[in-house]
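J.: Going down the list, the protein sequences come from chains A and B.
For what it's worth, the numbering used here labels the leading residue of the first sequence as 1, then goes sequentially.
For what it's worth, the numbering used here labels the leading residue of the second sequence as 1001, then goes sequentially.
No lab work stands behind these hints: they were computed from the structure.
Every residue, glycine too, gets a C-beta built ideally from N, C-alpha and C.
Mixed in with the good hints there might be a few duds.
[Said to hold, decoys possible] Beta-carbon label-pair distances, calculated as ranges:
#1 A308(A) x D1366(B): 52 to 60 Å
#2 N274(A) x S1272(B): 37 to 45 Å
#3 D1148(B) x G139(A): 31 to 39 Å
[Unchecked claim] One side of the interface only, derived from the structure: several residues of chain B facing chain A at Cβ under 10 Å:
#4 L1041
#5 L1095
#6 A1099
#7 I1145
#8 Y1270
#9 Y1279
#10 S1286
#11 F1289
#12 S1321
#13 C1353
#14 D1357
#15 S1375
Protein chains: 2
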Amino acid sequence: MSHASSPLKSLTVNRPTLLLDKNRAIRNIQRMQKKADRAGLRFRPHFKTHQSAAIGAWFRRLGCKSITVSSLDMAAYFADHGWKNITVAFTANLLEGKAMKSLGRKTQLNLLLDSAELARGLPPFLPAKTPVWIDVDVGYHRTGIPWDDFSKIITVARAVRSEAKLSLAGLLTHSGHTYQAKSPLEIRRIHKDSLLKLRAVKKRLQEEGIHPCEISIGDTPSCSAANSFAGADEIRPGNFIFYDLTMSTLGVCRDEDIAVAVACPVVAKYESWNQVVIYGGAVHLSKEFLLDERGRRVYGYPAFPGNASWGPAERKAPIVSLSQEHGLIEMNDSFLRQTKVGDLLAILPVHSCLTADLYRSYLALDGKKIERRQSNDRG
Amino acid sequence: MSHASSPLKSLTVNRPTLLLDKNRAIRNIQRMQKKADRAGLRFRPHFKTHQSAAIGAWFRRLGCKSITVSSLDMAAYFADHGWKNITVAFTANLLEGKAMKSLGRKTQLNLLLDSAELARGLPPFLPAKTPVWIDVDVGYHRTGIPWDDFSKIITVARAVRSEAKLSLAGLLTHSGHTYQAKSPLEIRRIHKDSLLKLRAVKKRLQEEGIHPCEISIGDTPSCSAANSFAGADEIRPGNFIFYDLTMSTLGVCRDEDIAVAVACPVVAKYESWNQVVIYGGAVHLSKEFLLDERGRRVYGYPAFPGNASWGPAERKAPIVSLSQEHGLIEMNDSFLRQTKVGDLLAILPVHSCLTADLYRSYLALDGKKIERRQSNDRG
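Kindly produce the complete structure, drawing on both the sequences and the hints.
T.: What follows is the structure in structure tokens.
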């Protein structure tokens, strides 16, 4: 498709490149920040999605002061970039005690735990009094103490409060089961149910004299779809800054909110199979997939260059197969006619967190490079 | 499990780390090299799997002189490390003409194409006479001219021969459909069929006066399972250096041949769900999966520390779910009893190429670090 005026046309891209539409990302941040403000919630966005100090600064300019990360290395990176209050929303890993110690000297660390043993094991690695959150499971069944195991939660809360180096921040959950929901309505139902359970736990703790105790929630589907957050004190969504096809398919964002795409050159075209091959494979997109209405795996949809950005997801041209470096797009005759070898397609990612994690930088549509954290080998 | 003497126990690992069993890798190289020698084939291993100059040197010491890569950046890296004959087994991408030109000055480049337009488009970017392979599809349907479209293949071959800067190396295929086979027998059937088709094309070209024309094949399943390579001139397998669960499930290697694993700390244990949580998610393992006999997705199997390396894949303890940083392992009571928070598990990868691609280095079992190519942002 010829859009001579598209900003994509003026970028120098000759191989798979992670594009970032800054306007969309900032709009996504503003929308979520406003929602948190309106509901009186602390906004503690998860930075694992973008992992970029420069993008972090966009949040800071909008008033954000506290953040979430998923590893100590990520925490160290953002601490080095001036973030003074960081929650590591991943069960504290005592094997990394040394890193915890040096980090605790640089920033206000907040940690996550799920057992009394861990509460007793942490203090030697903490240079300062450290707020800890108790990981509570409300239905996702990944990590956390089952919400209705009151006696275990009380035991852990007491263990925390008996350690001079720890303070009890509250209850934290990740309702990741919203990703399996079929509609925003179902997401709101899960969200409501999660808060109901957490409030019940909080009440039970209060009866035991254990308070104050905050409630922290934070999956992008809930935070995007919900308007009521009764009982919550903070939200920690991450994916919303970029969104992706999973989110637009769930109905919690529109395709036009998706702020990253991978520019991929078309390298071959096979009319007889109605197929176009892009330079862009599993190492450029990740192997995350959606199932389409026929139950077929789809690894992304292309978008053509548009006037201000890339256009909408072309759902009639799915990426149906992905090997290490190749992606295969199935196209009808009309799309095939519009596409030629050497064209660039913007591939919308199925899961933007995983896709972005494969790159060291973003290319903004104005041609500027935005660095991501150079991970110290996956830390 | 306590194996006080296991080399894994003496490694300093506190977060997901890519382990390499050098003995196994070298054994895998030797076995394939011998097979190529015995069959009189040029051994042109695909280096996209390991992407390491140090590992490349192990091949060189065994007599290997020519290699395969999947991108120009990868070719540049290995050219800088002394490799003088490199095939880029990926449809030539004219958008990268400049990179092609500078690379062609450093090494003998061999390129891949599938159209007469490409044959005519390449010469301006070639500083020296360049052998090109015609990409032929024998059933995988990813890239390549359908093998029975003789007239197109002849047209492309003639276009190549009419360019002073190009020479026709021959016919190249990747029979990736062997990955979908159910047994080594079926793999050998596909392999035989591929060679039959390529020989038919070669004969047809010969009848048109187009020769010499070599035949290059190269998927790890075929090269591992087959003993006869009648008609082939070179093989380009890559995955075999590490193998993985996909290959041992296909029956073309044993679990004991798998030469990489990701060491992951156990961070939580939930007896009530028979579940252990590891620090090790999609960004550490990739989302490639196998289907087990119940049709369930499995993202890897753990192995316990063994005497000389890690032990066999524990198929009764599958990783059943993988989010960005977490892996969930389902365990029976007996495994649960053997496993505690803080333990390290060696996770055998489903697809070692994709897993290794997520790291910048390997940790050998003797504690030495082996660098991988620092990719220039996914090139």
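J.: For every hint, state whether the structure bears it out.
T.: Okay, the hints, checked on the actual structure:
One distance hint, 52 to 60 Å for the beta-carbon pair A308(A) and D1366(B), holds here, with the actual separation near 55 Å. For N274(A) and S1272(B), the hinted distance range of 37 to 45 Å is not satisfied, since their beta carbons lie about 50 Å from each other. Separation of D1148(B) from G139(A) is about 55 Å and departs from the stated range, judged on CB atoms against 31 to 39 Å. The criterion of a C-beta within 10 Å of any C-beta in chain A is not met by L1041(B), whose closest approach is roughly 23 Å, and the hint is violated.
Nearest Cβ of chain A to the Cβ of L1095(B): about 4 Å, under the 10 Å cut. The hint holds. Hint on A1099(B) holds. Least Cβ distance to chain A is approximately 8 Å, under the 10 Å limit. For I1145(B), the interface hint holds, the least distance from its beta-carbon to any beta-carbon of chain A being 9 Å, beneath 10 Å. For Y1270(B), the suggested interface contact is upheld, since its CB lies about 8 Å from the closest CB of chain A, less than 10 Å.
At about 6 Å, the closest approach between the beta carbon of Y1279(B) and any beta carbon in chain A falls short of 10 Å, and the interface hint on this residue holds. Because the closest C-beta pair between S1286(B) and chain A is about 6 Å apart, less than 10 Å, the hint holds. Checking F1289(B) against chain A: minimum C-beta separation of about 8 Å stays under 10 Å; hint holds. At a threshold of 10 Å, the smallest CB-CB gap from S1321(B) to chain A is about 7 Å, leaving the interface hint in force.
The criterion of a C-beta within 10 Å of any C-beta in chain A is met by C1353(B), whose closest approach is roughly 6 Å, and the hint holds. The beta carbon of D1357(B) comes within 5 Å of a beta carbon in chain A, closer than 10 Å, and the hint placing it at the interface holds. Hint status for S1375(B): holds, given a least beta-carbon distance of 8 Å to chain A, under 10 Å.
Of the hints listed earlier, those the structure fails to meet are numbers 2, 3 and 4, in rising order.
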